[in-house]
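Model the full assembly from the supplied sequences, consistent with the hints where possible.
Protein chains: 2
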Amino acid sequence: MSTPNPNILVYSPKQAKAYAQFIQDYGFTSVKYAESLEEAERYLPDTEIILGWKFPTKLLSQSISSSVRWFQSTGAGVDDLISDQSIPENIILTRIVDQFGAFISEYVFTYLLYIVKDVPRMRQSQIEHRWDSFISESLAGKTLGVAGIGSIGEEIVRKARAFNMNVYGLSFSEKNAQIVDCHFTSDKWREFVKELDYLVLTLPLTVDTYQVLNREMLLAMKQDSCLVNVGRGALIDETDLISVMQSGHLRAAVLDVFESEPLAKNHPFYSMPNVYVTSHLSGPSTVEGVSQFFIDNLNRYVNNQRLQGIVDRNRGY
Amino acid sequence: MSTPNPNILVYSPKQAKAYAQFIQDYGFTSVKYAESLEEAERYLPDTEIILGWKFPTKLLSQSISSSVRWFQSTGAGVDDLISDQSIPENIILTRIVDQFGAFISEYVFTYLLYIVKDVPRMRQSQIEHRWDSFISESLAGKTLGVAGIGSIGEEIVRKARAFNMNVYGLSFSEKNAQIVDCHFTSDKWREFVKELDYLVLTLPLTVDTYQVLNREMLLAMKQDSCLVNVGRGALIDETDLISVMQSGHLRAAVLDVFESEPLAKNHPFYSMPNVYVTSHLSGPSTVEGVSQFFIDNLNRYVNNQRLQGIVDRNRGY
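So the sequences go chain by chain: A and B. If you read the first sequence in this note's numbering, its first letter stands for residue 1, the second for the next number, and so on. If you read the second sequence in this note's numbering, its first letter stands for residue 1001, the second for the next number, and so on.
Since the hints were derived computationally from the structure, they do not count as laboratory data. Positions of the beta carbon are idealized from the N, C-alpha and C atoms, including for glycine. One thing to keep in mind: the hints can contain errors.
Covered by chain B, per the in silico footprint, the following chain A stretches (three or more residues, Cβ under 8 Å) [as the list claims (entries may be wrong)]:
{"no.": "1", "segment": "107 to 114"}
{"no.": "2", "segment": "131 to 138"}
{"no.": "3", "segment": "159 to 171"}
Written as structure tokens, this is what we have:
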């Protein structure tokens, strides 16, 4: 049985205060915020609910966290939380869902179009004051594969339809299987990737997806296909990707996520001509968006309704 | 009454032979091709039908053209033909319709996304090996205005829906008015432009649309709005656009067409920081696409059916 005004702790190294303000503005007045381990330790003993980003998870198994009932992550991916198996089972973990689809799908089509229309050639012609009328390719009729067709993948599929693309999908369950032209289960990766012009990864990182794009799978893709990763860096074996691309396989790789972030300053990806590196920005957790999701969930919590985005620890997301 | 195998002349300074081959492959065997005025003069006396690009229109009013019944342009815009008022009234003029929507709408969204997601910043960060996570804007919720909602504008509207944009439209007739959230007729330009985040011009060039985007209209647009021109260069007063943008008005202009093409090598547009110049390439006339349209129209012609894309010379397109 929840109280109508539960004790909430917001933890975020940079934006804790902004989140706390937003939540208080919605009438939940019992909010503390912490930006460091020490501050978290101070407030945890009375805390029932945590809204957290980069939270020091080891605190959750200590006695100071014994009153914590629910942990809401500010992100969609919770592999960092899941990997800490000491988090007590009685703490409900939730992640943000249905929030990043619009942003991430815009990012994906920004780069698909940038590459297919050959914007770099257009920009270079302008720099040289050169009239250079050429016929670029079209996305229409091309085949896009979306690995992971949850709320993010679903938005990518919807936009792909507007561009008259063929759309394939791979996922672990049959959910949403009907939205794609051809659905593959996770034991059919090779069959899935071999026909694609574009492969977009939106998968969570789990034991099943870790480095699923290894040398063998990358080589199973068409030589002139493009890979886009907006899921998690470790879905790809980065060493394999570098050597495969250096051998001339794949037309381009658009990478927003990396096994280790921030990407090291001397990482080869930065200088590879067909690799587009961005800084984990495709699906930004805005204070407003996350807070709104959290407030909705808070209202469910105080009314004893089922929360949105509950993480299945066995499944891994 | 048409013959089943009419005499056809293909005129194109560069691609006449390729067109002729395509047409012959479809069983219309009486095809000549010309790449110069002199060659055209040689073949015109027996010609009934012309498929032409950059055709020397003055020949059409001469006696050597007395057997010409139909002139099919290889493009969607026919302002160059219309402007020659000496073309005999008994020659039917047709233009390509329903062919460029996919290409041009891809071009439009390439640049809308390039600008809204701030790709230049992402590319620069990569060059500097710099991890630079920032929150870019989204097309979702923004208002796009499409001036000209024929077959090209219609495709732009369809894609804008997939990006959850609000869509306004301006056109001279009520045709397609129902596909936009708010429709304006051509006497309501100022009301149309003032709410827009993005204005895309797909209009034909006529006496009514010539330099319709002059200083006054450009200043009626929101200061941080973007202008995209995929119609005709002379829809815009280019001198006014330069001075208005130099004064800090408008966030960006994406220009694929110009009053004089090719754009002069020393034209200011090339070096203006927020002007994106491309070389009239957004809606390419491919030999295959144009030939296919022409073959369809040829079959209508020999069967005495109404042709597609008939130009109304009074209306101007």
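Going through the hints against the structure:
Restraint check on the segment 107 to 114 of chain A versus chain B: 5 residues with Cβ-Cβ distances below 8 Å, three needed, restraint holds. For the segment 131 to 138 of chain A, the stated coverage by chain B holds: 7 residues have a C-beta nearer than 8 Å to a C-beta of that chain, and at least 3 were required. With a threshold of 8 Å between beta carbons, the proposed coverage of the segment 159 to 171 of chain A by chain B holds, since 5 of its residues qualify and at least three are required.
Violated hints: none; the structure is consistent with every hint.
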